[in-house]
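Make a model of the complete structure from these sequences and hints.
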Amino acid sequence: MTIALPGIPEPQSSVRSAGLGLAQPVFFDGLAGMHHAASGDTAVLFVSPWGFEELCARTTYRRLAERLAALGYPCLRFDLPGTCHSAHASSEVEADDAWRKAVLAAFDHLQALSGAREIIVIGQGAGALLAGFLAQERPVDGLVLLGPAAQGRAYLREVAAWTAMTKPEFRVGSTDGPEGGVMSGGFVLSAATANEIKRLKLLDAPPLRTRRILLTTRPDHPGDAKLAAELSETAIPTDTVSFADYADYVSSAILSAFPEKTVEAVVSWLVQHFPPQPGADALPRPAPQVAVFDGDGYREQFFRFGPNDRFFGVLTAPADRAATTAMLILSTGADHSSGWGRSAVDLARDMARKGFAVMRTDLAGVGETPSLPGQAGPVMYTAGASDDVTKALDWLVSQAGIEKVILVGRCSGAYSAFISAASDTRVAGAFLVNVRTLHWDPDLDVFQVIREPTEPLDTYKKNLADPRQLKRILSGELKISTIVRKLSKTLGAIAERKLAPVLRSRSKHFRFTTIVRDRLKALKARNVAVAFVYSQGDPGLFDLYTWLGPNARNLPAYPNLRLVVIEDADHNLTPLPVRAEATRALLDFARSI
0 MTIALPGIPE PQSSVRSAGL GLAQPVFFDG LAGMHHAASG DTAVLFVSPW GFEELCARTT
60 YRRLAERLAA LGYPCLRFDL PGTCHSAHAS SEVEADDAWR KAVLAAFDHL QALSGAREII
120 VIGQGAGALL AGFLAQERPV DGLVLLGPAA QGRAYLREVA AWTAMTKPEF RVGSTDGPEG
180 GVMSGGFVLS AATANEIKRL KLLDAPPLRT RRILLTTRPD HPGDAKLAAE LSETAIPTDT
240 VSFADYADYV SSAILSAFPE KTVEAVVSWL VQHFPPQPGA DALPRPAPQV AVFDGDGYRE
300 QFFRFGPNDR FFGVLTAPAD RAATTAMLIL STGADHSSGW GRSAVDLARD MARKGFAVMR
360 TDLAGVGETP SLPGQAGPVM YTAGASDDVT KALDWLVSQA GIEKVILVGR CSGAYSAFIS
420 AASDTRVAGA FLVNVRTLHW DPDLDVFQVI REPTEPLDTY KKNLADPRQL KRILSGELKI
480 STIVRKLSKT LGAIAERKLA PVLRSRSKHF RFTTIVRDRL KALKARNVAV AFVYSQGDPG
540 LFDLYTWLGP NARNLPAYPN LRLVVIEDAD HNLTPLPVRA EATRALLDFA RSI
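Take the sequence shown: its position 385, counting from 1, is numbered 384 in numbering that gives the first Met the number 0, and each next residue is one higher.
No lab work stands behind these hints: they were computed from the structure.
Check before you lean on any hint, since a few could be wrong.
In silico lysine-lysine, PhoX-like type, Cα no more than 20 Å apart, as pairs [as the list claims (entries may be wrong)]: (1) 403 <-> 523; (2) 225 <-> 100; (3) 507 <-> 403; (4) 225 <-> 197; (5) 200 <-> 225; (6) 353 <-> 403; (7) 403 <-> 390.
Here it is, written out as structure tokens:
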């Protein structure tokens, strides 16, 4: 049965202003979660996808849960063992039933939090497999399957294929993680978890115990078509809707398009088949403002802060001492606060064991922090990002008693760190990884630049000598007109830099150079330590040479600056050895301040 999409009531502003639209952090059974309180007696449990797909889905899951909570559905989202903010190290999950136990614990926790009479479970990707398992073990009232994996073995084969396809970009293969485990785009599954996934099947004995199913099917996906046919043969009423916006939704964390039509379909289906009803025993119960977890050598607090508790943050501190120096990790693009490949979580816990407090936070429009009014996307390369950093610094100084703050960021997060370090006297150091530029041209469209960056001239020289690129040109895969257009942009940028001393204030580059030099002078005057860390060949390194001269020859003029270049690294620092090298560099940097 294919469902229609009736109009969906918009969330009431009074609900949002009452604070119920913002999720509050919870921690249970080693699992970090976000609870959206509401007064209805039908609750919704979200089971996340894994890896890169989870990174793309995080904000959509939050926005869908906020919308449902505003309509009266209490919601719980949570992180599976070894993922995001959960207690478990990714490569050290040893139980081969850890994920199944986690969804059972989450189901029970939501029931305790909400007192709900009915529970709907929403799962995407690998999360749909776990949602199906849950429906075998618990009386789930409704089941929503978003682009589901139907069989664990087939799912892991798809992961391996995607990893092989992206290896030139991220420089990792599926076997580059722990022995017997899986690595994909920096995300890691332990051997035990990989084996657990292999055994999962969406339609398996015992049968699903649910009253109704909503299946979203991806266009031209044979697995979805087969699953739809198999579900039609069961006694469970199954509604189907096209997940037509799936490709744009999971193609890129930064460029991910909010799947509006699919979200509308899910909300519509819930309202139609499980209308929210106020429950006498299901009034909103305030979730704790701070969730605390005691780990191995560290203590972690999950909290909201800032005006109207808009921002989400996590403070990881040493378990056995009070820290006076803190690192503030800023989110990159649309990568939420657990970081690319969960790197921010691993880094925070490692540094806490070495005596540093570490705060990681989502800037506006990223992860658990909602967008500002009128904001179209993440606050990349905008003044708004610096405002967000200020709020986090305020919290660290006033609430955590921190005396020195080191800003840490990659790419756009590094840009925000650089700008904030130059202007905020509370910053003692900045560790900037692959910062794209030291001054962003406000006339540029961020998303267009990401789609089609201006490459250094050396990149074109290397590509011309690469037989693979020549083969792409001869086959027509890479159009000469595209090369000419991109090369023209590069040559235009070079010409503008050359003419800047002549044109002076009439040149945009001349004006930008003045701004960058003023920032560098401000950092030097305050003796703020700054580490520029680049992957060898990263475009940002060539931008640095624009301001500091070829091969950064003017670096000695700024004794507070240092340059670190990491070989065999991608832009995201994906390979584990590369990540370890960057961590050592950060530790040395922090100890020198």
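Right, here's what the structure says about each hint:
no. : hint        : result
1   : 403 <-> 523 : holds (17 Å)
2   : 225 <-> 100 : violated (28 Å)
3   : 507 <-> 403 : violated (36 Å)
4   : 225 <-> 197 : holds (19 Å)
5   : 200 <-> 225 : holds (13 Å)
6   : 353 <-> 403 : holds (16 Å)
7   : 403 <-> 390 : holds (16 Å)
Hint compliance for this structure: hints 2 and 3 are not met, and every other hint is.
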